[in-house]
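Taken in order, these protein sequences are the chains called A and B.
Under the numbering used here, think of the first position of the first sequence as 1246, with each following residue one higher.
Under the numbering used here, think of the first position of the second sequence as 3, with each following residue one higher.
By construction, these hints were calculated from the structure, which means they are not laboratory data.
Using N, Cα and C, we set each Cβ at its ideal position, and we do this for glycine too.
Don't take each hint at face value.
Unchecked claim - Below are the SDA-like pairs computed for lysine to any residue, each with C-alpha atoms no more than 20 angstroms apart in a straight line: (1) Lys1391/A with Leu1287/A; (2) Lys1636/A with Thr1713/A; (3) Lys201/B with Leu1521/A; (4) Lys201/B with Lys1391/A; (5) Lys201/B with Glu1316/A.
As the list claims (entries may be wrong) - Some residues of chain A that are not near chain B, with every Cβ distance over 12 angstroms (derived): (6) Ser1292; (7) Leu1402; (8) Arg1424; (9) Glu1784; (10) Val1816.
Claimed, not checked - Pairwise CB distance ranges (calculated): (11) Glu1329/A with Gly157/B: 51 to 61 angstroms; (12) Tyr171/B with Pro1385/A: 52 to 62 angstroms; (13) Asp27/B with Thr1660/A: 49 to 59 angstroms; (14) Thr1615/A with Asp27/B: 33 to 43 angstroms; (15) Gly280/B with Thr1253/A: 58 to 68 angstroms; (16) Asp384/B with Gly1275/A: 38 to 48 angstroms; (17) Phe204/B with Pro1524/A: 54 to 64 angstroms; (18) Pro1385/A with Pro430/B: 47 to 57 angstroms; (19) Lys77/B with Thr1474/A: 55 to 65 angstroms; (20) Gly157/B with Arg1662/A: 57 to 67 angstroms.
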Amino acid sequence: MSDTVNITINGQVVHARIGQSVLQAAQSAGIDVPTLCDHPHLRATGSCRVCLVEIEKQRMLQPACTFPVTEGMVVRTETDKVVEARKFSLQMLFSERNHYCMFCASSGTPETSECELQKLAYRYGLDCFQYPPAWQKEWPVDASRKSFTMDHSRCILCRRCIRACDEIAANHTLGVFQRGAKTMICADDSVTFGQSTCVECGTCLQACPTGALMDKRSSFVGHASECRTVRVTCVGCAVACGLKAMVRGNTVLRLDGDWDEHNAGLLCVKGRFESLRRPENRITKPMIRRDGELVEVGWDEAITYTAGKFKEAQSTAGMISPRFTNETMIAMGAFLNEVLHSDQVTLLHGLVPPLDLEPRAQLKDLEDATCIVVVGEDVLQGQKVLGYLTKRAYDRQASVVVVDDHDTAMDDYATERLHLDAMSRHGPSPFAALKFTYHLSLDGISRLRKILETSERPVVMYGPALSTLVYAALRSLPPHVKFLPLATGSNACGAAQYGIEMREVIADALFVMAGDEPSNGFVLPPASFTVVQAVGHSELTKKADVVLPGRLWTEKRGTIVNIEGRERPVVELTEAPEGIGPDWMPLAMMAAVLGRPGLFATMAQVQNSL
Amino acid sequence: MAFTEPVLTKRIAQDPSQRKLHWYDDYVRTGGYEALKKALTMTPDEVIKTVTESGLRGRGGAGFGAGQKWSFMPKGEKKNGPHYMTVNADESEPGTFKDRYLIDYDPHQMLEGIAIGSYATGCEICYIFIRGEYHRQAKVLERAIKEAYEHGIFGPQGMLGSGYKLECYVHRGAGAYICGEETGLIEALEGKRGWPRLKPPFFPAAIGAFGRPTVVNNVETLCCVPHIIERGPAWFKTMGTPSSPGPKLFGMSGHLNRPGVYENELGITLQQSIDMAGGMKGGKYKAAICGGISMGVLGPNQLDIKLDFDDVRFRGGCLGLGTAGMIVMNEHTDMVEALRNCVRFYAHESCGQCTPCREGAPWMRKILDRILEGGGRLKDLDMLLELEKTMGTMPGTTICGLADGTGWATRTFINKFYDEFAARCTNPDTVPLTISSRPAVITPLGANTR
């Protein structure tokens, strides 16, 4: 019990851990001390002076967020003196810039307000301006970023955004310029945010206490109180970050990083903003190509037609996007194997390195790793969240070793750089990604080994398509080295569990499940008959003989497996348009036509047994 | 109480035309670096004990015991890495110019103080943080440090042949007043924005520059040290008052016949200091800012206030003696204008970290602007007093003391010259209102702002 102390807050005895601040101790005891600049996941700066409290034996009022607890401390959080100082700070903040709440998207009643400043104003009864706003200037609104705006007139200079940018995203874009009352948040050397080095991860947006940073999509369309908040998983990449989705009616308004998940609030631009962009031309009905044109038909007709073609075909193959859930992966495998008697199932894209390198690292291991090695994958391009975590490690002076065959965005943060040799096997083909193997020379391997052996808590992130020798070398590393496989493709790890990975296929009839795959750059192997199940029209559907509608990721239900090897839930946030069933529904219908009705009736049992 | 001869300024002639810069040779010829030789024969603890016994209080404004501050530094086995000595020569307080005078004519006196102080506190590296505008002084210091290196004071060969080594560098500030606050200074020294650090830790002796124990001293404090070592604490205590012993430089400016830096002991009266500078010019005495504007103002009937660290505070009603940068004003001075000038300075120099100071100081300025332009009402004065109380004089509402300075200046000006202020606040709304929780709405100030 030596690491706890007893303190008294407002007459209540509170047990606190040594190293906690007064604010943390109060919060864990359920005592509400108001604060604006403090954020539980950011370093405290004690600059807003709203959390001032009276501490016995201290001559001055002290900010609760930075004052450490000591044995026998007596704290009072709501004395007259404290409230006076607190109200003064709030008055000053209100008179500082344009805080006319009625024009702000965060504004609301005491219960519904999303603005922490407004909530405190309600709490302390600030119903008029004691110091009426005396500004003459207008503060700029910077909307040059694609997904969110910065309205400087709502800014209270708490600098949470700066700390979020520095400490969570490790991007160091934001700062302040000028001083005193002229202080402004700025990006880089005071350029607009759109021109800056900002990567639009939106961590600052999530940390902002007022309406200064505003999401373009979700502002002025509803309060959090009018929405459901659902904890879901991002299917943007194999990190599978935890999300908190704000859903109103049938629309997802906003995605926030889940502080309590493995990503600890961190998201990338793909997960936070781009994943909510809707396909421009959604496919809502099955279509069959007749005389070169796609014609809308009913489900039964499309399925019967397709099933007939597959029955005739000499050989069949299935291609599935790694964005699908485990359940759909199983369904696809079962459909090909049991109904079409074909073993040609492949991922549309996405490679998985060997998953047997033990012990497997978790994302939290990256947060205190002393050495991070990135082999054969540019994490700042692919799995950006891992890139940010690596940059954080670089900031706390851990060593970062980047091993790759070409220049990567991670190179700027590398303390050491080793070179991979690319070995090409054949000429170009639709499966170009499969044609390369990357090799690290023996000198490089011994250097890597030396770095890792001397490091205390090393993590190796290794990409796919390395040579067998490199994998063998990684397997023989000392047991304190932890491994994180850099699978490309959101659920490629899940697919690998069920034996589906990227391989070359040749077939007459091709069943392609593209789903809500955002990019168009896939080349399909030549086939006489191609079925594409997709959410929107793309290059893929242009060549398809039959097009089937599919579901967006927000309309799916199931599980995916991330690079940590954890199963993560995918939850339906919105309802799919009428007539579009679950992703495996067309497979089930075709199985029924082809003489295997009820193949997926026992789907849940199958999944459990696998 | 006996101040018989100049101490700190003994090499500097009273007559400006006779003053000359003392380089190394001149300094040694007049008895320089003897104290350092003596200090090196003592143990560091003995040096600290001597300085503590002398009762030397920091001359940078706060008046904290110099020996006590040094004794906070980890010693012996507790020392587990480099210590830093930092000299605060960022003299930016309006009315204060004593450090410039010392560096201008006698830089080696300070370097000797640095050498002794660093030896006592176990520092390996000394940074002299000098105000950015002090171009000439920075050059003087750089040359003096070069000489000191050449003569074996600093450098890797050991101080005057002893085993103790000290490196010394000049770091030039970039023009921010807030970098004179010791933690702001340390941040700026580290290459960051000069924002004062959070307390606790209350002293940089625990965590200072680059995360290491650091001692921050004022130029004048260090200049006193060689004299204390050389002539002993008992001699030092013969000057000044029991609680504030020693000599002090008074930077006399304002409506005086012979403004300038004068040395005398602590505890002389305000009247004596005015006489020292040739008496009042252009009219009778009205007010005097006692130690840089952050300390507040002394009123017309306070000529008998003793200028030491305590009397100014307890009898004078000010924050303290500060740096003894006196700005003396005659009877024709407009006190509203004077206060506005002070407050304008704080509004400009607030670093912007804490809400109350960042916004409170511009607010005071706006109100004073309005009063000056004839739009003042009596309740504006209540508002000013309310502002200074909640932002400044109520301790702890901000991270550093800048807001306290703003508060004390405003409070003392208005309280001591209330009638003069009230006479300027003649707008029709004459009923003096105390600011209640629900005041009448007043017109926005924007149109009147300069």
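Structure-based check of all given hints:
Proposed proximity of Lys1391/A and Leu1287/A is contradicted: the alpha carbons are some 26 angstroms apart, above 20 angstroms. Between the alpha carbons of Lys1636/A and Thr1713/A the distance comes to roughly 29 angstroms, so the proposed pair goes past 20 angstroms and is violated. For the hint linking Lys201/B to Leu1521/A, the alpha-carbon distance of about 45 angstroms lies beyond 20 angstroms, and the restraint is violated. In summary, the hint linking Lys201/B to Lys1391/A is not supported, as the alpha carbons are separated by about 40 angstroms, beyond the 20 angstroms threshold.
Using a Cα cut-off of 20 angstroms, the hinted pair Lys201/B and Glu1316/A holds, with the two alpha carbons roughly 18 angstroms apart. With a cut of 12 angstroms on Cβ distances, Ser1292/A falls inside the contact zone with chain B, its closest approach being about 5 angstroms. Remark: the non-interface label on Leu1402/A conflicts with the geometry, its nearest Cβ contact in chain B lying 7 angstroms away (cut-off 12 angstroms). Distance to chain B contradicts Arg1424/A as a non-interface residue, since its nearest Cβ pair spans about 5 angstroms, not more than 12 angstroms.
Distance check on Glu1784/A: its Cβ is at least 51 angstroms (rounded) from any Cβ of chain B, clearing the 12 angstroms threshold; non-interface status holds. Non-interface call for Val1816/A relative to chain B: holds, since the shortest CB-CB distance, roughly 41 angstroms, exceeds 12 angstroms. Take Glu1329/A and Gly157/B: their Cβ atoms lie about 56 angstroms apart, and the range 51 to 61 angstroms holds. A beta carbon spacing of about 41 angstroms between Tyr171/B and Pro1385/A contradicts the range 52 to 62 angstroms that was offered as a hint.
Separated by about 50 angstroms at the C-beta atoms, Asp27/B and Thr1660/A satisfy the suggested range of 49 to 59 angstroms. Under the hint 33 to 43 angstroms, the C-beta atoms of Thr1615/A and Asp27/B, about 55 angstroms apart, miss the expected range. Hint check: Gly280/B to Thr1253/A, Cβ distance near 60 angstroms, so the stated range 58 to 68 angstroms holds. With their beta carbons about 39 angstroms apart, Asp384/B and Gly1275/A fall inside the hinted range of 38 to 48 angstroms.
Between Phe204/B and Pro1524/A the C-beta distance comes to about 60 angstroms, which sits within the given range of 54 to 64 angstroms. A hinted range of 47 to 57 angstroms is violated for the C-beta pair Pro1385/A and Pro430/B, which are about 39 angstroms apart. Range check, Lys77/B to Thr1474/A: about 57 angstroms between beta-carbon atoms, so the 55 to 65 angstroms window is met. At about 39 angstroms, the beta-carbon gap between Gly157/B and Arg1662/A misses the expected band of 57 to 67 angstroms.
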